[in-house]
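Using the hints provided, position chain B relative to the given structure of chain A.
Residue numbers (this note's numbering), protein chains in the order written: chain A, 1 to 287; chain B, 1001 to 1424.
By construction, these hints were calculated from the structure, which means they are not laboratory data.
Any given hint could turn out to be false.
Claimed, not checked - Below 30 angstroms or equal to it, Euclidean Cα-Cα: the simulated DSS-like pairs (lysine-lysine) are:
hint, chain 1, residue 1, chain 2, residue 2
1, B, LYS1284, B, LYS1379
2, A, LYS194, A, LYS208
3, B, LYS1353, B, LYS1379
4, B, LYS1051, B, LYS1061
5, A, LYS151, B, LYS1174
6, A, LYS96, A, LYS3
7, B, LYS1061, B, LYS1028
8, B, LYS1307, B, LYS1174
9, B, LYS1061, B, LYS1111
10, A, LYS151, B, LYS1227
11, B, LYS1379, B, LYS1102
12, B, LYS1307, A, LYS114
13, B, LYS1049, A, LYS66
14, B, LYS1111, A, LYS114
15, B, LYS1111, B, LYS1329
Claimed, not checked - To be clear about the criterion: a stretch of chain A counts as covered by chain B if any three or more of its residues have a C-beta under 8 angstroms from a C-beta of chain B, and this derived list gives those stretches:
hint, region
16, 45 to 54
17, 64 to 72
18, 238 to 248
19, 272 to 284
Quick caveat, the model's predicted, so the values are computed rather than measured.
Idealized CB from N, CA, C, for every residue including glycine.
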Amino acid sequence: MNKNKFILFCILPSIVILLIVVIFPMVGAINYSLQDKSLRFLEGDYIGFQNYIDMFEDRRFINALKISLYWELITVIGSLLLAILVSIILFEYSNKNYRILLAIILIMPIMLPKVSAGLIWRFMLSPVMGLVNAPLISLNLNPIEYLASPKLALFSVAFVDIWQWGLFFGVILLFLLETLPRDLIDAAKIDKVKKWQLHYFITFPMLKGSLITIALIKAIESLRSFDLIFTMTKGGPGITTETLDLYAYQQGIGLRGEISYASAMSVAMVIITIVIFTFIWKRAQKS
Amino acid sequence: MLKKIIFKTFIILAISGISLNAYANSCKGDVSEINVLIQGHPAMVHMEKHKADFEKLMDLKVNVTTLGEQERRSQSRVDASTGAGAYDVYYVDEANIAEFVKGDWVESLDKYFPAGADMADFQAGKISIGNINGTNYFAPFMGGQDVLMYRKDIFAEKGISVPTNTDEMLEVAKALTDAPNMYGWAQRGQRGSGMNVWRWNPYHRGFGGEWTNADGSPNINSAEAVKATEYYMELFNYAPPGARTGTWSDQIEAFRAGKVAMMTANDVFGAWVEDAEKSSVVGKVGYADLPTPILSGGFAHGLAISKPGTSSECEKVMAGEFIGWATGKDMESMRLDEGIYDIARQSSASNPKFTSLMPDDFNEAVKATSPKTSLLIWKIPEWPAIGDELGLVLEELFSGTRSDIQGSLDEVQEYAIKYLEKSK
Chain A
1 MNKNKFILFC
11 ILPSIVILLI
21 VVIFPMVGAI
31 NYSLQDKSLR
41 FLEGDYIGFQ
51 NYIDMFEDRR
61 FINALKISLY
71 WELITVIGSL
81 LLAILVSIIL
91 FEYSNKNYRI
101 LLAIILIMPI
111 MLPKVSAGLI
121 WRFMLSPVMG
131 LVNAPLISLN
141 LNPIEYLASP
151 KLALFSVAFV
161 DIWQWGLFFG
171 VILLFLLETL
181 PRDLIDAAKI
191 DKVKKWQLHY
201 FITFPMLKGS
211 LITIALIKAI
221 ESLRSFDLIF
231 TMTKGGPGIT
241 TETLDLYAYQ
251 QGIGLRGEIS
261 YASAMSVAMV
271 IITIVIFTFI
281 WKRAQKS
Chain B
1001 MLKKIIFKTF
1011 IILAISGISL
1021 NAYANSCKGD
1031 VSEINVLIQG
1041 HPAMVHMEKH
1051 KADFEKLMDL
1061 KVNVTTLGEQ
1071 ERRSQSRVDA
1081 STGAGAYDVY
1091 YVDEANIAEF
1101 VKGDWVESLD
1111 KYFPAGADMA
1121 DFQAGKISIG
1131 NINGTNYFAP
1141 FMGGQDVLMY
1151 RKDIFAEKGI
1161 SVPTNTDEML
1171 EVAKALTDAP
1181 NMYGWAQRGQ
1191 RGSGMNVWRW
1201 NPYHRGFGGE
1211 WTNADGSPNI
1221 NSAEAVKATE
1231 YYMELFNYAP
1241 PGARTGTWSD
1251 QIEAFRAGKV
1261 AMMTANDVFG
1271 AWVEDAEKSS
1281 VVGKVGYADL
1291 PTPILSGGFA
1301 HGLAISKPGT
1311 SSECEKVMAG
1321 EFIGWATGKD
1331 MESMRLDEGI
1341 YDIARQSSAS
1351 NPKFTSLMPD
1361 DFNEAVKATS
1371 PKTSLLIWKI
1381 PEWPAIGDEL
1391 GLVLEELFSG
1401 TRSDIQGSLD
1411 EVQEYAIKYL
1421 EKSK
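For reference, chain A alone in the conformation it holds in the complex (with noise of 0.2 angstroms):
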């Protein structure tokens, strides 16, 4: 065998693997795209790029769009936000014997199914038992509609997001903030810089790359919201919390059964994020 066969031999096994897992199902569901077909009547016509016109005069998923971009946004900086802050705070002021156990509970709401993480929240934020709007009704205030309010029901299911991997990666962070080389800021110390100026000028700045690293694996799993956004409102109130995957879903493999329509949005989905985060790569690769 020689080294070219070798090469092939070896790397065959993981192109079978993508072709099965990535290459098969995008084709598949390029294929469906292109048709019209539904649940309800699977012998469908080709009809073009219909469907993707469609999807422009679709209020839906216009608004899908809209909401997917401000969950990105939101969910991406409220964890990196929440991230930098338990860093800092864990650092500061964590006696170092007990860290580790810190640590440990920050991590636990990570290790929650977000099905469960939603649920859990769902109910803690109800407005007639929850318990987050027990003390607003024991002082006889109204509660509360964290989820039935058109205006917080994204910023409350994002909370739910934010508070489990914000805490996750600010132990992430703490860690990193202790590989840091202990003499500069001993330095800054001596030279009596303000514990924030400390973080903003000299620490953070040395951890430019693994922030963005993190921003964008954030931003890659944000995208996959679905679970949690339909546990806690299903996209609601109204449309207000429909991101793209659960509009798709709800195309196709709920009650519409629209199942090229929603091929049709996956396949846009994908397009979109390649696109973005191809530039968003090379942007954060030159800085």
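Positioned in the frame of chain A, the structure of chain B alone reads:
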């Protein structure tokens, strides 16, 4: 092997006139397992608890998959329409039975229901939900109709009479609201043909609305539909916070928590509010006829044989046997023993365990609303999609992300026309 299959098929066809137990016996050992898709309804949870009895009886394994209502509908639809056939038995209901029959996804139950299980004993109103063109496609295990449930202790304390019409009902709901401790009313607003549309529809139909015009064309945007929407939205002012996107579970739990003075609900929830372990209002609830002109939404849930999931005759026979067992008289009697109120059989309705389970006024209320009970939804195969669109628009109106009722219903009308056209 082929000879064996042909022989068995021949035998089965030859004896089509004799009892199904003989069928089942000839198939024993041929089917090693059956897969059943259910919704986590108390009656089905109870069935699952006792499935070992059937497994022992038929020498096979029963695999049960439990999902929530909407997910169960979606999953069974995907399984049936794609021909995946992962399930031998589907849980079907009034909202999707027409679609499943039109899609040829469920088997006629008349042929496979065990003779000993006595199909004639099912209550006419419930078995009729699964009867399409004279053929029975499901065996019901529960169903019901609406009644008015109210806190008789609060009504007595305030000196308020039970409302007899919708105008009075609004006044009473308003008078009894003392937020955040007590709300005069409870209802659900979450989108879905089986969610907000189900509760909105008794007003829509009660005010005189019809799903179609005389020529059969859709009539979703009628003046009656607008009036029903306005009335329903007004009621939300006296309902607990969160109701505009709430589910039936939120509605019932708020009532059981003692936060609600009055609601219309399905009679199956009577046992829920009288459940001493989970309800704080046991013994405090009165039951009455619905205020006029509200109608009562009759419904039934049942089990059906999946066509894609049962490729052989023996699989169909065993699925039929399972359905006969799961919806049988003995099973209902066992449920009543355990305080599960769901019944679908005439014999159970006269069972003292059933009649003594609930207060007298409950039984009177059920009797009073029976004449105004029927399947109020649009019984067409396209209903799940049209109902879903209507549900979404209603939730948008309830939650305030839309305000133009007529314009919103016009959009649903347009959607229905297009969808029905596409379905032709």
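Status of each hint after checking the structure:
Between LYS1284 of chain B and LYS1379 of chain B the alpha-carbon distance is near 37 angstroms, which puts this suggested pair outside the 30 angstroms criterion. Annotation: proposed proximity of LYS194 of chain A to LYS208 of chain A holds, straight-line Cα distance about 20 angstroms (limit 30 angstroms). Note on LYS1353 of chain B and LYS1379 of chain B: the hinted pairing is violated, with a Cα-Cα distance of about 34 angstroms set against a maximum of 30 angstroms. A C-alpha spacing of about 9 angstroms is found between LYS1051 of chain B and LYS1061 of chain B, which places the hinted pair at or below 30 angstroms, so the restraint holds.
A hinted pair counts as satisfied when its Cα atoms are at most 30 angstroms apart, and LYS151 of chain A with LYS1174 of chain B qualifies at roughly 26 angstroms. Pair hint LYS96 of chain A plus LYS3 of chain A does not hold up; C-alpha atoms about 52 angstroms apart against a cutoff of 30 angstroms. Between LYS1061 of chain B and LYS1028 of chain B, the direct Cα distance comes to roughly 12 angstroms. Compliance with the 30 angstroms bound is thereby established for this hinted pair. Between the alpha carbons of LYS1307 of chain B and LYS1174 of chain B the distance comes to roughly 51 angstroms, so the proposed pair goes past 30 angstroms and is violated.
Restraint check for LYS1061 of chain B and LYS1111 of chain B: satisfied, since their Cα atoms lie roughly 23 angstroms apart, inside the 30 angstroms limit. Distance hint between LYS151 of chain A and LYS1227 of chain B is fulfilled; the C-alpha atoms sit about 27 angstroms from each other, no more than 30 angstroms. Between LYS1379 of chain B and LYS1102 of chain B the CA atoms are separated by roughly 11 angstroms; this keeps the pair inside 30 angstroms, and the hint holds. A hinted pair counts as satisfied when its Cα atoms are at most 30 angstroms apart, and LYS1307 of chain B with LYS114 of chain A does not qualify at roughly 35 angstroms.
Taking the CA atoms of LYS1049 of chain B and LYS66 of chain A, the gap is about 46 angstroms. The hint is violated against a cut of 30 angstroms. Restraint check for LYS1111 of chain B and LYS114 of chain A: not satisfied, since their Cα atoms lie roughly 45 angstroms apart, outside the 30 angstroms limit. For the hint linking LYS1111 of chain B to LYS1329 of chain B, the alpha-carbon distance of about 19 angstroms falls within 30 angstroms, and the restraint holds. Evaluation of the coverage hint for the region 45 to 54 of chain A: breached, as 0 residues show C-beta separations to chain B shorter than 8 angstroms, against a requirement of three.
For a cut-off of 8 angstroms, the count of residues in the region 64 to 72 of chain A with a CB near a CB of chain B stands at 0, and the three-residue condition is violated. Interface restraint, the region 238 to 248 of chain A with chain B: holds (3 residues with C-beta to C-beta distance below 8 angstroms; minimum three). Under the rule that three or more residues need a Cβ within less than 8 angstroms of chain B, the assignment of the region 272 to 284 of chain A is violated, with 0 such residues.
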